[in-house]
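*Asks:* Sequence:
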Amino acid sequence: MKHLPLGEIVSERIEPRLSVLRLGHRVDRDKRITSHLGLTARAFGADEIILSGEEDDTPLETWKEVSERFGGSLECRYEPKPMAWLRSFSRGGGTIVHLTMYGEPWRDISSNIQFDGPVAVVVGGTKVPGELFGIADYNVAVGNQPHSEVAALAVFLNTWLGDVGSERFSDGSVEVIPSESGKKIITREDQHSEKG
0 MKHLPLGEIV SERIEPRLSV LRLGHRVDRD KRITSHLGLT ARAFGADEII
50 LSGEEDDTPL ETWKEVSERF GGSLECRYEP KPMAWLRSFS RGGGTIVHLT
100 MYGEPWRDIS SNIQFDGPVA VVVGGTKVPG ELFGIADYNV AVGNQPHSEV
150 AALAVFLNTW LGDVGSERFS DGSVEVIPSE SGKKIITRED QHSEKG
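As numbered in numbering that gives the first Met the number 0, residues 0 to 195 make up the sequence shown, in order.
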């Protein structure tokens, strides 16, 4: 894929693009929660997950492996300067949504957030730079009590985007078949043997 400067991406993009930025990842403490955050972003409609904080290949590898097995085209990468990236994203016309327990109630604000261009949903860790509250177009709270950033992302994306549809993941080597009882999956090898 050709990498364009952010301004060109914003101005030439036909389809809206949803990025989720994970701030403040800590290698020793956050591996599991950060991995789950990326998987949630993927399942609920994100096109890209950006990791910041301490550099860590583990969540990036997890997200790539899951996308390869279960389908979808999630891009994932590490960003060493997340605030500079956000400032550039904002200057380029992108919309920044900051999920924070100090923001406006998601039920009141979600319908006001347009998805007609690039959007970055920012999910913080323990220490979020104060500047973020000022550059965000929306500071959104999924409850004003301490809670999981994974839960906040899932609730917000589901409320805001609704059902993203299973066709988004149709290119995977594994497909989960909804079942009332038991575990049913189809692998691409199974599909080929049924057709042959």
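Rather than coming from a laboratory, the hints here were simulated on the basis of the structure. This one's a predicted model, so the numbers in the text were calculated from it and none came from an experiment. All C-beta atoms in this analysis are idealised placements derived from N, C-alpha and C, irrespective of residue type, glycine included. A hint or two may mislead.
[To be verified] With a straight-line Cα cutoff of 20 angstroms, these simulated SDA-like cross-link-like pairs (lysine to any residue) come out:
#1 K63 <-> I112
#2 K30 <-> T61
#3 K63 <-> H24
[Claimed, not checked] DEER-style ranges, computed between Cβ atoms:
#4 G142 <-> R187: 19 to 25 angstroms
#5 T125 <-> T158: 40 to 46 angstroms
#6 R187 <-> G92: 36 to 42 angstroms
#7 E103 <-> V173: 28 to 34 angstroms
#8 G92 <-> T125: 28 to 34 angstroms
#9 G181 <-> R31: 25 to 31 angstroms
#10 Y101 <-> V173: 37 to 43 angstroms
*Asks:* Within a Cα-Cα threshold of 20 angstroms, do K30 and T61 meet the stated pairing?
*Replies:* 10 angstroms, holds
*Asks:* Mind checking the hinted window 28 to 34 angstroms against the Cβ distance between E103 and V173?
*Replies:* 39 angstroms, violated
*Asks:* Falls inside 25 to 31 angstroms, the C-beta gap from G181 to R31?
*Replies:* 27 angstroms, holds
*Asks:* Quickly compare the C-alpha distance for K63 and I112 to 20 angstroms and report which way the hint goes.
*Replies:* 29 angstroms, violated
*Asks:* Does the Cβ distance between G142 and R187 fall inside 19 to 25 angstroms?
*Replies:* 40 angstroms, violated
*Asks:* Quick check on a hinted range of 40 to 46 angstroms for T125 and T158, using CB atoms only.
*Replies:* Since the Cβ atoms of T125 and T158 sit about 25 angstroms apart, the hinted range of 40 to 46 angstroms is violated.
*Asks:* Between the beta carbons of Y101 and V173, is the distance compatible with 37 to 43 angstroms?
*Replies:* 40 angstroms, holds
*Asks:* For the range 36 to 42 angstroms, tell me whether the beta carbons of R187 and G92 fit it or not.
*Replies:* 39 angstroms, holds
*Asks:* Can you tell me whether the CB distance of G92 to T125 sits inside 28 to 34 angstroms?
*Replies:* 30 angstroms, holds
*Asks:* Straight-line Cα separation of K63 and H24 no greater than 20 angstroms?
*Replies:* 18 angstroms, holds
The structure fails hints 1, 4, 5, 7 (numbered hints given earlier, in ascending order).
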